[in-house]
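So the chains spell out like this:
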Amino acid sequence: MDEKRVCTGRYFMMGNVACAEGAMAAGCEFAAGYPITPATEVANHLAEKLPQVGGAFFQMEDEISSIAAVIGASWAGKKAMTVTSGPGISLMLENIGFAIGVETPCVIVNVQRGAPSTGMPTIGIQGDMVQAKHGSHGDYEIIALCPSSPQEMFEHTVIAFNYAEKYRTPVFLLSDAFVGHMREEVVIPEADKIKTIYRKIPELGTDPLKLKGFLDENVAPMPIFGKGFKAHVTSSCHDEYGKRNLIDISALDKFVRKLSDKILKHKEEITLVERDYEGAEVVLVSYGGVSRAAAEAVLQARKKGIAAGTLRLITVWPFPGEEIEKMARKAKHVIVLENNLGQIYPYIKAEAAHFSEVSFLPPKLVGEIQDPEDILKKIEEISK
Amino acid sequence: MGRTEILIGGVGGQGVVLSGILLGTAASLYDGKQAVQTQSYSSELRGGSARAEVIISEQRVTDPEVRKADILILMAEDAVGRYLPKIKPGGLLVIDSDLVKGVKPGEYEILSVPATSIADKEMNNIVVANLIILGALLKKTGLLSIASMEKAIEVSVPQKAKALNLKAFQRGLELT
Chain A
1 MDEKRVCTGR YFMMGNVACA EGAMAAGCEF AAGYPITPAT EVANHLAEKL PQVGGAFFQM
61 EDEISSIAAV IGASWAGKKA MTVTSGPGIS LMLENIGFAI GVETPCVIVN VQRGAPSTGM
121 PTIGIQGDMV QAKHGSHGDY EIIALCPSSP QEMFEHTVIA FNYAEKYRTP VFLLSDAFVG
181 HMREEVVIPE ADKIKTIYRK IPELGTDPLK LKGFLDENVA PMPIFGKGFK AHVTSSCHDE
241 YGKRNLIDIS ALDKFVRKLS DKILKHKEEI TLVERDYEGA EVVLVSYGGV SRAAAEAVLQ
301 ARKKGIAAGT LRLITVWPFP GEEIEKMARK AKHVIVLENN LGQIYPYIKA EAAHFSEVSF
361 LPPKLVGEIQ DPEDILKKIE EISK
Chain B
1001 MGRTEILIGG VGGQGVVLSG ILLGTAASLY DGKQAVQTQS YSSELRGGSA RAEVIISEQR
1061 VTDPEVRKAD ILILMAEDAV GRYLPKIKPG GLLVIDSDLV KGVKPGEYEI LSVPATSIAD
1121 KEMNNIVVAN LIILGALLKK TGLLSIASME KAIEVSVPQK AKALNLKAFQ RGLELT
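Respectively, the protein sequence lines represent chains A and B. 1 is the number of the first residue of the first sequence in the working numbering; add one for each residue after it. 1001 is the number of the first residue of the second sequence in the working numbering; add one for each residue after it.
Just to be clear, a hint being listed does not mean it is correct.
Listed next, the stretches of chain B that the computed footprint assigns to chain A, with coverage defined by at least 3 CB atoms under 8 Å from CB atoms of chain A [unchecked claim]:
#1 1022-1035
#2 1073-1080
Below, simulated DSS-like cross-link-like pairs (lysine-lysine); rule was C-alpha separation at most 30 Å, straight line [unchecked claim]:
#3 A:K377 to B:K1088
#4 A:K364 to B:K1088
#5 A:K243 to A:K78
#6 A:K4 to B:K1104
#7 B:K1088 to A:K304
#8 A:K4 to B:K1151
#9 B:K1162 to B:K1088
#10 B:K1068 to A:K303
#11 B:K1088 to B:K1068
#12 A:K378 to B:K1088
#13 A:K243 to A:K254
#14 A:K377 to B:K1086
#15 A:K193 to A:K230
#16 B:K1086 to B:K1101
#17 A:K364 to B:K1151
#18 A:K326 to A:K212
#19 A:K378 to B:K1068
#20 A:K262 to A:K227
#21 B:K1162 to A:K4
#22 B:K1086 to A:K303
#23 B:K1101 to A:K377
#24 B:K1151 to B:K1139
#25 B:K1139 to A:K384
#26 A:K243 to A:K326
#27 B:K1086 to A:K378
#28 A:K210 to A:K262
#29 A:K364 to B:K1086
#30 B:K1088 to B:K1160
#31 A:K304 to B:K1086
#32 B:K1101 to A:K303
#33 B:K1068 to A:K364
#34 A:K267 to A:K254
#35 A:K304 to B:K1068
Calculated directly from the structure, the hints in this document are not laboratory data. In this text, a Cβ means the ideal position worked out from N, Cα and C, and glycines have one as well.
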């Protein structure tokens, strides 16, 4: 990657700024957005830095046009992203569905804030977890990463771009106000240590009638605009050539299945987790900032001789059910921790409850991640 | 020293968040420690409520929330009711005594700093009251080295405000 893009060094950096630096390092060329607390610092930083490397940041009139501009830029062959918070995602959902339907690589950063509605802007909650997966209509799979620190805001943004390009799909970075506004040590490596991926495109000069640019489980090459590919891009049901078909049910079946299978077939290589539950009877399952409180609670539990462990989901979508099952087969008790009222809990329970006791420990105050002392109490209670 | 939790409460415009950034930067980049700083504030640019949290530790900070503050800094009367219950028994309560009047003695040590009036009279600018408080805090606790904090000020505040901020910090060091 271009050295001008990579701000190698050691910093005390805000998560949102680290996210923007990650985007730069990943090769982002275009970003569009509409300001919203607590996501604005990402946009500000990109607006400053993208033009320095020949890229562009557009402040659009709203979130709907922001995601539309990102989709357009991506189809013009640019690595593209948008950044917003929950209220903005709600507005973007229609076009996010479009991006999924026509297989558009892009990164969508959601710095989640107190919700529903306009809620509380600078308080982080994990309130939009299921929205990322099911917000738009229809059956589809999505990829979503959950960073827990400014360092990971950098690293996960790079991964998000790589996944978006590799699997030709929108990828969510599900941060929140707590992590986005958090400052901590961030180490940005040298440019040649950062792996970047660029989407496959068809061979130039391919006959348009023979160009299969869609619906391949192994990811079709993307017939981007401006290279003379003459592809047909429609959000309506289409075949692998991009040709519209609004009558054959078999075409719809293929449309729905291939889009999902493209992600599900590669689930194992997409899934990222942190496992620290060897020999543990009680396992805490969490993601994002909450996983740091979970790690602290387990540290204290082990000091007391309790066999406790953690499983941290880094990718929450596609849902890593196999990882949950593998863990639950060995554990006696599973405690799920989220900074919400239990959004991913039902998914975890569905995979784990056949093998172990599963419970949910909500935060005492939604918006403040669980106190390790309270988690420890719960561990002691159930391991008696 | 294991883990020190610091909570700063005030109103927007007082440099509450900047104080947090300075403590975190000094600890993390110049004092060989680990630090996490977080923040929250209401939407008003000035006059709304503002809060910054800093955790300084010898090891990597796992839990990033301030649970019970070892050091609580209050810069507005409004912050007293909101944050005083968060101080650890035996903790240090630092107040801007020009603005915070409603603190009663309790299970904490009080460091009372007339920061706003000093900033107003001696520097003709009340916005650096936060730096006077940081100076007094460091002098009192030895939490971080003075050189580290001065470096943090150098890299964190705008060029034209550096001299004033450094002066305010150094004035704070003379107070206790």
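For each hint, the structure was consulted:
no., hint, verdict
1, 1022-1035, "holds (count 6)"
2, 1073-1080, "violated (count 0)"
3, A:K377 to B:K1088, "holds (20 Å)"
4, A:K364 to B:K1088, "holds (19 Å)"
5, A:K243 to A:K78, "holds (24 Å)"
6, A:K4 to B:K1104, "violated (56 Å)"
7, B:K1088 to A:K304, "holds (24 Å)"
8, A:K4 to B:K1151, "holds (26 Å)"
9, B:K1162 to B:K1088, "violated (34 Å)"
10, B:K1068 to A:K303, "holds (21 Å)"
11, B:K1088 to B:K1068, "holds (5 Å)"
12, A:K378 to B:K1088, "holds (23 Å)"
13, A:K243 to A:K254, "holds (13 Å)"
14, A:K377 to B:K1086, "holds (20 Å)"
15, A:K193 to A:K230, "violated (37 Å)"
16, B:K1086 to B:K1101, "holds (18 Å)"
17, A:K364 to B:K1151, "violated (39 Å)"
18, A:K326 to A:K212, "violated (38 Å)"
19, A:K378 to B:K1068, "holds (20 Å)"
20, A:K262 to A:K227, "holds (25 Å)"
21, B:K1162 to A:K4, "holds (29 Å)"
22, B:K1086 to A:K303, "holds (26 Å)"
23, B:K1101 to A:K377, "violated (38 Å)"
24, B:K1151 to B:K1139, "holds (16 Å)"
25, B:K1139 to A:K384, "violated (48 Å)"
26, A:K243 to A:K326, "violated (42 Å)"
27, B:K1086 to A:K378, "holds (22 Å)"
28, A:K210 to A:K262, "holds (21 Å)"
29, A:K364 to B:K1086, "holds (15 Å)"
30, B:K1088 to B:K1160, "violated (38 Å)"
31, A:K304 to B:K1086, "holds (27 Å)"
32, B:K1101 to A:K303, "violated (43 Å)"
33, B:K1068 to A:K364, "holds (15 Å)"
34, A:K267 to A:K254, "holds (19 Å)"
35, A:K304 to B:K1068, "holds (22 Å)"
Comparing the model with each earlier hint shows violations of hints 2, 6, 9, 15, 17, 18, 23, 25, 26, 30 and 32; every other hint is respected.
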